[in-house]
Every structure is written in structure tokens, then in C-alpha cells.
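Input sequences plus hints: build the corresponding full structure.
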Amino acid sequence: MEDNHHHIENSEEYIGLNVNSGVAQPPSVNPYMHKVVRRKKYSAAEYVEGILKGDRSILSQAVTLVESLLPEHHAIAQEVIEKCLPYTGNSIRVGITGVPGAGKSTFIEALGVHLCGEGHKLAVLAIDPSSERSKGSILGDKTRMEALSVTKNAFIRPSPSAGSLGGVARKTRESIVLCEAAGFDTIFVETVGVGQSETAMHSMVDFFLLIQLAGTGDELQGIKRGIMEMADGITINKCDGNNVEKAQLAKAQFQNALHLFPLPESGWTPQVNTCSAFENINIDGVWKMVTDYIAFTKANGYFDYKRRQQSKYWMYETIDEYLKTSFYNNEEVQKRMAAYETLVNNNEMTSFAAAHKLIDFYNSL
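Residue 1 is where the sequence shown starts when you use the working numbering, and the numbers rise one by one after that.
It is possible that part of the hints are untrue.
[Said to hold, decoys possible] Using C-beta positions, here's what the derived DEER-type ranges look like:
(1) F352 with Q309: 46 to 54 angstroms
(2) V244 with I294: 24 to 32 angstroms
(3) A75 with E279: 19 to 27 angstroms
(4) G101 with K152: 29 to 37 angstroms
(5) W314 with V150: 31 to 39 angstroms
(6) N345 with S68: 34 to 42 angstroms
(7) E229 with I294: 14 to 22 angstroms
(8) G101 with Q309: 30 to 38 angstroms
(9) Q255 with D284: 31 to 39 angstroms
(10) I359 with L263: 37 to 45 angstroms
(11) E279 with L85: 36 to 44 angstroms
(12) Q248 with D55: 40 to 48 angstroms
[Unchecked claim] When the alpha-carbon atoms are kept at most 20 angstroms apart in a straight line, the in silico SDA-like pairs for lysine to any residue are as follows:
(13) K324 with M337
(14) K288 with G119
(15) K306 with Y316
(16) K312 with S203
(17) K324 with E341
(18) K246 with L213
(19) K152 with S91
(20) K288 with V113
(21) K53 with K152
(22) K83 with V99
(23) K306 with K246
(24) K357 with Y316
(25) K121 with P86
(26) K306 with T88
(27) K121 with S57
(28) K324 with S351
(29) K246 with A257
(30) K41 with E82
(31) K312 with L213
(32) K53 with G183
(33) K288 with F278
(34) K298 with Y316
(35) K288 with K152
(36) K298 with E82
(37) K121 with F327
(38) K312 with T199
(39) K288 with P262
(40) K312 with E331
None of these hints come from the bench; they were simulated from the model. These figures come from a predicted structure and were not determined experimentally. Each residue gets a CB set at the ideal place from its N, CA and C atoms; glycine is no exception.
Have a look at this one:
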């Protein structure tokens, strides 16, 4: 055959046949990748309207706005907070702390599910400045609180991980305002139980609950005196199985220790009880302690007094933070900082004199 070297299907005798080019293969790169899903941008009025309706998605975005470090977000966030203020203040704010391993997440979930079952709306917020290093303990907590996170009346918000304790705490306080405006009547603020974040939490809650464990052998040494003094109530968790006796003994030890402290300004004698979050034992007893305290302090006027003091405290905290940021972010100050640092390092000027020079220069700008 003279056209042996040709494709046989192209010869004239097969003229009626077509050769298909095969199935087109999809591209190896996802064609939708360039389409970044952008969340709708709302105006301050739209945020407020959504929050007041109790729209979870808009509330979440508003909290993200509050936590943002971008200056353009700051202005709109402040406007939203200001417009929400008239609708706030009607919740019970409970601070919950405890040493790592005390079963805080299990406790918050058990109490949260109990409260939602009674018709309450609960928001769980966190102050966790350590999350910058540890990548956020409460992010783990959120996945652990499975039953609570799918409860219709609950809103769980991990802590903002960026920034100083003061910044994180201020943002948590502003988030409380938004949650209250969205109709949440109970707010839990949780912290890790190892230091300064308790003081910040104390400045934004009505009731400070300390969760403790029994049977570790050093119950009273394991907690800082300052945190003990802040507590309005202590509950000893994991009071179940063969741990009941130890928990009762720890309860007596804590009660004795609390009697050594002067009576708090509220006039309330801090109480100690036991519970088992895992077995759901006496969770309602812990909540009764909280509501008894609220009723007691509302009757003697301390509840409103404390809230006014907290508002004043945050005014000064905000001023402090603003001045600090304004000073350190000033380009002219930054240019001079290294020179003064060198003078101090070379013992040519005292730290105090250098600080005063920089502050005087900043004030002259």
C-alpha cells in the first residue's frame, strides 16, 4: 500500500468517519480560586440594626470589627458600640477562672446548657492574652464545648489573640456591650487563671467565680491570694466517684481560708460549694449562688455602684492605652528613641532623664 505511512482512518474509503479529539480535561488549578468570597460590608447603622435583631452573623462580624487593629475599622466599631449602649446593661456578667485542668470548659458547657434549657441566652467570651503564644486555649475550648456550641441560645467567641492584655481586655468589654444589645441576658467571661488577666476580668463582671480542684494536695498554695480575694464564690469541681470526700475536705479548707480575709466591699460573704460538671451534679446550686449574690448586691446598691466604678476604670484604661500608642507610634519620637537608648546604655544619661526628654519632646509637637 503506497500510503502505508499515512493514518489509515484518513484514507478515502473511510471518508464518512470522524475522529473525535477526546474529552477536554479540566484545568489542574481550581478555576474558582481567584474568586475570593468577600463578606458584605455594612454601615454602622446596618450593624446596629442587625445586632438589635439578634442576627448572629452580623454580631460575629461586629465583634471581629471591634477586635481589628486597622484604624479604619476602629472608627466604625466605636460608632456601633455607642449606638448599642442604650440597649445594654441588662445582663448578668459572670467571670469564670481556674487553674489549667480544673475543668473550666466542661463546667462552662454544663452550666451553659442548663441556663439555655431554662430559656436564658448565653454569650461566652474570653480574655486570653497568652493566645498569641499558645495559639489560643479557648479555640480548643470551643471545639470541646460541642453541646453548647450547637445550642440555639448560645454564642461562643474565642478571644482576640493579638495585642496586650489591656487591649484584649478592652475589646472583650466592648464585645460584652454588643452581646447585651443582641439580647444575651447572661455573659460568661473566662480566663486562664494564672495572673493579671483576672484583674482585667474583675473590672468587667458582676460575679467572680473561681473553679478549684480537690485532691491535688496543695489546694490553698495552688492559687494566688489575690485571686482568692477577688472571688465572690468558689466551686470545687470533679466532686464525683471516689473524689467526693476530698472535695468536701477542700470545701472546708477554702471556707476557713476565706474567713481570714476581710469582708469584701459588697458586704457579701463569699461562698464555697462543690459540683461535678462531668456528672452534672449541683450545677444548678452554683447558679443559685450567683443569683443570690446578684439579688443581695442589687438590694444594697453595690451592684450599680460596682458597674459605675468599672465604667470609670475603663475610661482611664482607654486614655492610658491611647496615650501610650500615640507616643510609641509617633514617627518623630521613634527617630529619637534609638539615640536616647544609646545614651542610657553608655551611662551618659539616666533612664529617667531620657524618658523625660522624650516625653517633653512629644509634648512639644
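Problem - Index of numbered hints that the structure contradicts, given in increasing order - result: Numbers 1, 3, 9, 22, 23, 24, 31, 34, 35, 36, 37, 39 and 40 - these are the hints that the structure violates, sorted from lowest upward.
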